[in-house]
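Undergrad: Chain residues, written in single-letter form:
2 protein chains.
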Amino acid sequence: MRIAIAQINASLADFESNKNKILDFAHKALERHCDMVIFPEAALFGYHPFDLLEISEMVEAQNRFLKDIEKSAPKGIGLLFGAITQTKLKHGRPYYNSAVFVERGKKSRFFHKELLPTGDVFDEARFIETGRIADNVFKFNGQKILVTICEDIWAWDDKNGRSQYPANPLKAVAKKEKGIDLVLNLSASPYYPGKEKVRDDLVRKTSALFKAPMIYCNMVGAQDEIVFDGQSFAVDPKGRELARLMAFEEDIGVLDLDKMEGMKRTEKVADAEKIRQALVLGIRDFCRKTGLSKVHLGLSGGVDSALVACLAVDALGPSNVKGFALPSKFNASESEELAAKLAKNLGIEMKTVSIQQPYEVLRGVIDPAMGLKDFGLVHENLQARVRGTILMAYSNAANSMLLATSNKSEAAAGYSTLYGDMCGGLMPIGDLTKKQVYTLCDLYNREHELIPQRILTRAPSAELRPNQKDQDSLPEYDVLDRAVDRLVVEAKLGSSRDEQWLLGAVLRSEFKRWQAPPILKVSKHSFGRGRRFPIAQKASSVLVKSK
Amino acid sequence: MRIAIAQINASLADFESNKNKILDFAHKALERHCDMVIFPEAALFGYHPFDLLEISEMVEAQNRFLKDIEKSAPKGIGLLFGAITQTKLKHGRPYYNSAVFVERGKKSRFFHKELLPTGDVFDEARFIETGRIADNVFKFNGQKILVTICEDIWAWDDKNGRSQYPANPLKAVAKKEKGIDLVLNLSASPYYPGKEKVRDDLVRKTSALFKAPMIYCNMVGAQDEIVFDGQSFAVDPKGRELARLMAFEEDIGVLDLDKMEGMKRTEKVADAEKIRQALVLGIRDFCRKTGLSKVHLGLSGGVDSALVACLAVDALGPSNVKGFALPSKFNASESEELAAKLAKNLGIEMKTVSIQQPYEVLRGVIDPAMGLKDFGLVHENLQARVRGTILMAYSNAANSMLLATSNKSEAAAGYSTLYGDMCGGLMPIGDLTKKQVYTLCDLYNREHELIPQRILTRAPSAELRPNQKDQDSLPEYDVLDRAVDRLVVEAKLGSSRDEQWLLGAVLRSEFKRWQAPPILKVSKHSFGRGRRFPIAQKASSVLVKSK
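Chains A and B, in that order, are what the protein sequence lines are. For the first sequence, the positions run 120 to 666 when the numbering used here is used. For the second sequence, the positions run 120 to 666 when the numbering used here is used.
Chain A on its own, in the form it takes in the complex:
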């Protein structure tokens, strides 16, 4: 039996497009003499549906396209793809997260996901009911096949012998069903560096349990904050890799189960490059799936905006990216020059708009009204908000989306101005520490100096008051970054002065992040909707020891 792995980029609720992709890849699979083609989780609906499922017409609409597929699927090949289906239960939640097996002219078969993720960015227990993978075994072409969906293979014990699930449902299936010939997993699994190894481990354990080859088909593409990386693969029960597909691109691969061999793309790519690809795809898909073609951003002459500009150009092309230099008297003249040089290197337009006059006029109105005399935080934030206002004006003027340029280290420390530099429709590098920002910049400069080197060597500064440096207000970035990884990614508290400082800062600044734009998630745990912290809480009173 030959099986095609169709790693498609499905769009949420874009059923027409998803249906066409499924049929298109089914034809490609048939051309490759395959008996079956498998697609990712929720390939027809798009993933993650979130609360679109509260509108009952959504799944009814999807079902019309499901019927279309049943009617127009190519003959001679079985299609297995993810979809949301109605439970029709009187007692239970309304939907299953299902895999549908379609063969032209036959009654479709349905298999339901058992383990429903609710951690981090996931919310499946809101509208999805629990299935039973023990019911997901079927025969095709004389082969006994077990169908699992994403989380279904995530209940293996970790190295400490722990799991967040009371039981591993795979073990129950292994006890009940003998002679499984093939295990399939349809996934929509978001990317973070090192995720490949985690998945490999789960798939190898599962394959070994059933003593059967296993195919893992992952979604590719981005949905708001979440980026799916593809990298679908297959293994034999000895853990030998039989097939591997591309990262961050649609792809199709074929696995010949009789010969036990498949197509393997084996290019080794470093994590930093994968993060870069994830962010590029995240920007591109957010624009494409919201119907926008153009973006713009403030170019400060600093490293964060430089990186966002590079990513945006990779995502949308230089003609769809526009930079604005927005100097005040506090900006070194070098800042605008560096921004202009960067824009030139990238081939994007840049416009300079001085904020000095509007800033002064606003200050002239605000200071007397509020009894302010000395320059202070008010005026720093004011500059950031004048910039935000000008940049947002361009959104209306040119139907272009503003990209926010904050990074994760700043977001953690609350070192940003709400409605100022936090403005934007998307915050592409909001999940990168400052160190990662430099690493990705270095990547862009590997072949030639795309980002003016001086941008990478000058001391980071918000340039909101004379001679300001980030390190006047923040710990050294290498220290801060490590503290951010420990606290935000691992949720581990530390006792060092800098870690305690960061803990207080994170807890105090939840109100800002509550109102942040969507952040492209490229770590194990990012800010954004996958991290739900309350604002009105006194956690600092028990957690922060030294003040």
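Careful: at least some of the hints might be erroneous.
Pairs involving identical chains hold if they fit within one copy or between any two copies, as the list cannot separate such chains.
In silico BS3-like pairs for lysine-lysine, Cα to Cα no more than 30 Å straight-line [to be verified]: (1) 278 with 314; (2) 631 with 413; (3) 413 with 611; (4) 664 with 611; (5) 290 with 207; (6) 657 with 186; (7) 643 with 631; (8) 611 with 207; (9) 554 with 460; (10) 657 with 643; (11) 297 with 357; (12) 207 with 324; (13) 186 with 611; (14) 278 with 226; (15) 657 with 631; (16) 209 with 324; (17) 207 with 643; (18) 295 with 209; (19) 314 with 209; (20) 664 with 413; (21) 357 with 209; (22) 278 with 378; (23) 657 with 190; (24) 290 with 448; (25) 207 with 314.
Hints were generated in silico from the structure; no laboratory data involved.
Go by the hints and put chain B onto chain A.
TA: Chain B alone, transformed into the frame defined by chain A:
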């Protein structure tokens, strides 16, 4: 046996304060000759913990205060209160949502919640493991008592014979356990109009099932977007009400089980007045629990800002509320006069700051930079953002929180400027339709004209261009409001022109609400964290029929 119902206002992670309240109310109960006192769900931890639970030190810290209670609880009375406890399971999530029964000098007993809500604002399946209420029966003073926590009594069929849960765990207990003398429920149940009836129904059904009296003890107080209303009560198995506590205030009531009688506060209060009280408590607790004492807002001379000002004065007192009139040349002079009159009536300070000059200067910078000639949407948004910038400056200048004044009808239609009138630390009336805004204003004017009548009679206008009226851009408010209730609260689509228009508008404007401040929830389904809609989706392509 005499039981005290202690309806306290717990604060999230403020263990010291929560512990003191628990001990304080235990003493009050003892003074009232009670044998037992019961508190709300998570009374020690505060509710809803959300992702505070990802930090393992949180519950460890809570446990130190739990030990304090065990050591210093008054003798001669049993205390039953909610807390988060560690499961210590190798396989399963790390915590239970528990009720702890403390008797001085005895080993404490623990009872765990079985049904974990994941819908709307709730997220319990992230860190909480499923308990078994069948294990929650204990003997005290010769009485056999069943302990349930909030959602545990919510699996009764609705009038269509449906439930979102596969089974009602109460029925399993009723089968297994005979002779239950008393059923307790510890809740943290958020308010919406009509919720009382829903709870009454669940409690009466449960009481009847066990043929035993039942006490329902609900949290009071607000946590970010969620307002708990208290209104704890008790019934006998025939459905007769035995006790009822205050709405929106801490309270203690006593139930004598031998005499089958209790304290009843029976004042009938209309829904509109309860919504008003909910919003006042929401503002007050948000400020108190974040350590802020002062708020300010823009007073437009319109009905929304007038209502928010009234609510803020009720919450914090007139000396802690400040208004700003921020006129441009598009504002009728009447607007500022009405704002001033309102401020005078409320006894709050008002300051007028014209935005005309900064607006013109910004326009003078923006128009040439972006090739704009004619007045347009850019300039409307610009005015709103200049206002937002000035109001946010006051936040820094006076350590005061800006209140956003958008209502639910505007939020649904996307009729608001991101980073403009959406600015603020809290959006108090973001869950009120325009009609409800008027109803609450009428309430404030019942005794005398607190809100100048003309504010209530003039046509609503954003006053961002000459002779603008809301109804130039929006359906009539009564039509819009009904459509909002159907679509947003009930998730029901309609086919009328206005309903179709609203559906498109809601789907298009998700990107704005993603970045909205916390919204006080006073309906069955509000915008905010309890409604998780994706931005990048094509739902309109299948849902919106007429364009």
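Undergrad: Please go over all the hints and tell whether each is borne out by the structure.
TA: Cross-check of the supplied hints:
Taking the shortest alpha-carbon separations for residue 278 and residue 314, only the intra-copy value of 16 Å comes in at or below 30 Å, while the best inter-copy value is 46 Å. Taking the shortest Cα distances, residue 631 and residue 413 sit within 30 Å of each other both inside one copy (26 Å) and across copies (18 Å). In the homo-oligomer, the alpha carbons of residue 413 and residue 611 never lie at most 30 Å apart, since the shortest distance is 40 Å inside one protomer and 34 Å across protomers. Taking the shortest Cα distances, residue 664 and residue 611 sit within 30 Å of each other inside one copy (14 Å), while across copies they are farther apart (50 Å).
For the identical chains of this complex, residue 290 and residue 207 are neighbours both inside a copy (28 Å) and across copies (23 Å), given an alpha-carbon limit of 30 Å. Only between protomers do residue 657 and residue 186 lie at most 30 Å apart by alpha-carbon distance; the minimum there is 19 Å, versus 53 Å within a single protomer. Taking the shortest alpha-carbon separations for residue 643 and residue 631, both the intra-copy value of 21 Å and the inter-copy value of 27 Å come in at or below 30 Å. In this assembly of identical chains, the alpha carbons of residue 611 and residue 207 lie at most 30 Å apart only when taken from different copies (18 Å versus 43 Å within one copy).
In the homo-oligomer, the alpha carbons of residue 554 and residue 460 lie at most 30 Å apart inside one protomer (23 Å), although the nearest pairing across protomers, at 55 Å, exceeds that limit. Taking the closest pair of Cα atoms, residue 657 and residue 643 come within 30 Å of each other both inside a single copy (26 Å) and across two copies (28 Å). In this assembly of identical chains, the alpha carbons of residue 297 and residue 357 lie at most 30 Å apart only when taken from the same copy (18 Å versus 55 Å across copies). In this homomeric assembly, residue 207 and residue 324 come within 30 Å of each other (Cα to Cα) only across copies, at 26 Å, whereas the closest approach inside a single copy is 34 Å.
For a Cα distance limit of 30 Å, the shortest separation of residue 186 from residue 611 across copies, 24 Å, qualifies, whereas the shortest one inside one copy, 49 Å, does not. Proximity of residue 278 and residue 226 under a CA criterion of 30 Å is satisfied in neither setting, with 43 Å inside one chain copy and 35 Å between copies. In this assembly of identical chains, the alpha carbons of residue 657 and residue 631 lie at most 30 Å apart whether taken from the same copy (17 Å) or from different copies (29 Å). For a Cα distance limit of 30 Å, the shortest separation of residue 209 from residue 324 across copies, 19 Å, qualifies, whereas the shortest one inside one copy, 37 Å, does not.
Taking the shortest alpha-carbon separations for residue 207 and residue 643, only the inter-copy value of 24 Å comes in at or below 30 Å, while the best intra-copy value is 36 Å. Proximity of residue 295 and residue 209 under a CA criterion of 30 Å is satisfied in both settings, with 28 Å inside one chain copy and 24 Å between copies. For the homomeric pair residue 314 and residue 209, the shortest alpha-carbon distance between copies (23 Å) is at most 30 Å, but the shortest distance inside one copy (38 Å) is not. In the homo-oligomer, the alpha carbons of residue 664 and residue 413 lie at most 30 Å apart only across protomers (28 Å), although the nearest pairing inside one protomer, at 47 Å, exceeds that limit.
In this assembly of identical chains, residue 357 and residue 209 lie within 30 Å of each other by CA distance solely across copies; the values are 28 Å between and 44 Å within a copy. For a Cα distance limit of 30 Å, the shortest separation of residue 278 from residue 378 qualifies neither inside one copy, at 34 Å, nor across copies, at 58 Å. For the identical chains of this complex, residue 657 and residue 190 are inter-copy neighbours only, at 24 Å across copies versus 58 Å inside a copy, given an alpha-carbon limit of 30 Å. With identical chains, the CA atoms of residue 290 and residue 448 are never at most 30 Å apart, being 67 Å at best within one copy and 73 Å at best between copies.
For the homomeric pair residue 207 and residue 314, the shortest alpha-carbon distance between copies (27 Å) is at most 30 Å, but the shortest distance inside one copy (36 Å) is not.
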